[in-house]
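Participant: Each chain, letter by letter, is given below.
Number of protein chains: 2
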Amino acid sequence: MDAAEFRRRGKEMVDYVADYLENIEKRQVYPDVEPGYLRSLIPEEAPEEAESYEDVVKDIERVIMPGVTHWHSPYFYAYFPTANSFPSLLADMLCGAIGCIGFSWAASPACTELETVMLDWLGKMLKLPADFLAGTEGRGGGVIQGTASEATLIALLAARSKIIKLIQADHPDRSETDIISKLVAYSSDQAHSSVERAGLIAGVKMKKIPTDNKFSVRGDALQKVLEEDRAAGLIPFFVCISNNYKLLLNSTTIVLRFCATLGTTPSCAFDCITELGPICNAVEIWMHIDAAYAGSAFICPEFRPLLNGIEFADSFNFNPHKWLLVNFDCSAMWVKKRSDIIGAFKIEPLYLKHDHQESEFESLVRADQRFEISADVVLGLVCFRLKGSNELNETLLKRINNARNIHLVPCQLAGKFVLRFAVCARTTESRHIQEAWCHISHLASELLQELPH
Amino acid sequence: MDAAEFRRRGKEMVDYVADYLENIEKRQVYPDVEPGYLRSLIPEEAPEEAESYEDVVKDIERVIMPGVTHWHSPYFYAYFPTANSFPSLLADMLCGAIGCIGFSWAASPACTELETVMLDWLGKMLKLPADFLAGTEGRGGGVIQGTASEATLIALLAARSKIIKLIQADHPDRSETDIISKLVAYSSDQAHSSVERAGLIAGVKMKKIPTDNKFSVRGDALQKVLEEDRAAGLIPFFVCISNNYKLLLNSTTIVLRFCATLGTTPSCAFDCITELGPICNAVEIWMHIDAAYAGSAFICPEFRPLLNGIEFADSFNFNPHKWLLVNFDCSAMWVKKRSDIIGAFKIEPLYLKHDHQESEFESLVRADQRFEISADVVLGLVCFRLKGSNELNETLLKRINNARNIHLVPCQLAGKFVLRFAVCARTTESRHIQEAWCHISHLASELLQELPH
Chain A
593 MDAAEFRRRG KEMVDYVADY LENIEKRQVY PDVEPGYLRS LIPEEAPEEA ESYEDVVKDI
653 ERVIMPGVTH WHSPYFYAYF PTANSFPSLL ADMLCGAIGC IGFSWAASPA CTELETVMLD
713 WLGKMLKLPA DFLAGTEGRG GGVIQGTASE ATLIALLAAR SKIIKLIQAD HPDRSETDII
773 SKLVAYSSDQ AHSSVERAGL IAGVKMKKIP TDNKFSVRGD ALQKVLEEDR AAGLIPFFVC
833 ISNNYKLLLN STTIVLRFCA TLGTTPSCAF DCITELGPIC NAVEIWMHID AAYAGSAFIC
893 PEFRPLLNGI EFADSFNFNP HKWLLVNFDC SAMWVKKRSD IIGAFKIEPL YLKHDHQESE
953 FESLVRADQR FEISADVVLG LVCFRLKGSN ELNETLLKRI NNARNIHLVP CQLAGKFVLR
1013 FAVCARTTES RHIQEAWCHI SHLASELLQE LPH
Chain B
593 MDAAEFRRRG KEMVDYVADY LENIEKRQVY PDVEPGYLRS LIPEEAPEEA ESYEDVVKDI
653 ERVIMPGVTH WHSPYFYAYF PTANSFPSLL ADMLCGAIGC IGFSWAASPA CTELETVMLD
713 WLGKMLKLPA DFLAGTEGRG GGVIQGTASE ATLIALLAAR SKIIKLIQAD HPDRSETDII
773 SKLVAYSSDQ AHSSVERAGL IAGVKMKKIP TDNKFSVRGD ALQKVLEEDR AAGLIPFFVC
833 ISNNYKLLLN STTIVLRFCA TLGTTPSCAF DCITELGPIC NAVEIWMHID AAYAGSAFIC
893 PEFRPLLNGI EFADSFNFNP HKWLLVNFDC SAMWVKKRSD IIGAFKIEPL YLKHDHQESE
953 FESLVRADQR FEISADVVLG LVCFRLKGSN ELNETLLKRI NNARNIHLVP CQLAGKFVLR
1013 FAVCARTTES RHIQEAWCHI SHLASELLQE LPH
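Protein sequences appear in the order of chains A and B.
According to our numbering, the first sequence is numbered sequentially starting from 593.
According to our numbering, the second sequence is numbered sequentially starting from 593.
The reader is advised that the hints may include incorrect statements.
Identical chains share a label here; the pair holds if one copy fits it or two copies do between them.
Mimicking DSSO-like on lysine-lysine, the simulated pairs with C-alpha atoms at most 30 Å apart in a straight line are [said to hold, decoys possible]:
no.	residue 1	residue 2
1	K603	K618
2	K799	K757
3	K774	K797
4	K603	K1008
5	K618	K650
6	K618	K990
7	K800	K716
8	K603	K650
9	K618	K719
10	K800	K774
11	K799	K1008
12	K650	K716
13	K719	K650
14	K650	K797
15	K774	K929
16	K800	K1008
17	K800	K757
18	K797	K757
19	K757	K774
20	K774	K799
Hints were generated in silico from the structure; no laboratory data involved.
Required output: the full structure, derived from the provided sequences and hints.
Facilitator: Here you go:
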């Protein structure tokens, strides 16, 4: 499919999407299909010959829609809402086109900076304490996770890593696994199942603190458990306060009421954080507040008091994809110390993958006596360098990237500074590679001429 | 923004996207901006008054594009490729519009079934052993993860959970944390950093097995380490074989060559899996093969031999978002036993979040003497039931959902079977709620009339 066809098909798809959402209430909200319905509607194996685009599109109504539960139907009162809006759909189209991976600032500066600045905006809307904002010099800040469950897991892992470092500082002899086996995290007995799952993944004990008759964890209840567990040789390190309903997927599960931060009984909600916060802060226990759904409400002045006590928290999250009309998935998370999270996940170099077989670039390099190939060329990555010092090659790379015509990153191979030429784009043609080589070779000539002979 | 405006804006966006991708090589591949550039281009806080759509769109070129590293430029030779294609962009538009959360079959049958069947298609293209396919009765099957790192983590956690159950079956007294502190997982000393990170997250020891001069882990090397570790009282449980290059983000990191499954030395690649596989299988060690990038190549008959030995693996993954023109993120993962993964993550009830304040539905229920409200109504969830037996209410719910006009799910509250009415859709209006109540109350009347008096 070329750009011209995409323009046509894209506009057809926009109309299909608008028709779908505009007329969604005319569709039966819950499908009639039985498990296994779809397999029988399509071939057993991928067809060898491509189908026409028209036939593929026909399958949307023939194969997909009959099995869709229409979450955005006004007759959908099940489970929970997931946000969806036209502006959000437009933004997703743009993101898909840019299709960058923002694993570092340089990988796409706009990606990192927009996220940081927008989460400052959102944090200010929630009137979060300044500690949680990145600003220009802040140590805190926000980051987007996929779900509240991920945010909780990340907070737990950051807390686990922090306490391990803290303990090993005094007892260098204690192994990580030994410390982990003693760690204990807490949540309300009303808390989100993802808190339990986070404990499961992190391999730490997760205890539920009994709640009072208002379904709220009180300070004395926490205090009591902490004393018991310390007496038993355990190491309390994490408390998660969440404020969600339990969803009823079937009649065997149990519904729970709000607890903590946003309850049917605001007074107890206040008590909760403001009682638990100081206790956690006093003994270096990480407090995470999961306001997955309710968080959006705190933008309204009349609800904001329910977030009082947030100043005691180490991390906080809520889901714009629930209530702020942002398409799934977008869970906003803030921490007071970015370094706690960064420290918990050793940032390792990423790994290289590439997708062109021919290495015409290799032959160009080999044909030039001034250069050498530094590693066997496999599947389209060429590691090469100017014969000579690392300094020489560092300068060459700097000039290549400063010129901005092409973009390369370096590597080190057996102590040598090496340039990596990886064919990446689907649209890269021989002419681009020829051009790139001429450019590199020209910059190399300039550089070598400057050297004293 | 209404549907009519979306039609207009959507088509403009399609053209913008087509223009962007068609002319991407005219854009400077790497941006000139300095860290912090973006914050200065926009207000300190979210504007109180909405901006016009035109002004928002202007910001794409004014604020975003100057800071974008253009990953799809034919002059981008850095890092690694991420797939992007017009058909994939069209599919994403449709997914965004449907916007369902597929956490269970019923939550959207098409979602679950399409994923299962398409991964069978893909598995057949790779000629995976039949154990890895779901088919109609298979115990294995494929699932889509976000990244290869997630796939590795999930395999590790599944393996951890499996070994813990195995050990506790013989030694019910041994605690989970005690067992975890003895577990040890292995990867090649050439393996992907995500393997290490997975160990870090799961809180288990992760050891790197020395490779031979072909950068390949050999059977005797694994055998040796296993014997040493068992002698030291450790419990080997997981081996990850990956076949990626290490990416050079900066000159301080080190490039590594392919190891294992797809190497510059295929013979050693063969040796590797076929040597390690039987050792792992013999002693109940989970073998995961991460072919994140190279996996796509195995679709070609000439590369498929490099996957020989896959029959010994418990799990396998590769990334269609690398080489199969599927937009990020799409990492395909297969397991021989679905139950191993499901068992590792206790499926807990999900939690309810909803977004309407008024509970006009509550007043309708309260006005009907035949019904009772089962829990305080907070923020738009109404838990209600017919006065009478659980059976009566189960029948009512069955009739409501069978009628297909609206969709509800039940819950259990203090032993009582209760119906949950959660206002979910952005487009739900009073009339829909009125309609829903008339429908429910009508079905209730029918039901009650059938009862003997």
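Participant: Hint by hint, work out which the structure violates, then give me just those numbers in ascending order.
Facilitator: 4, 7, 9 and 14
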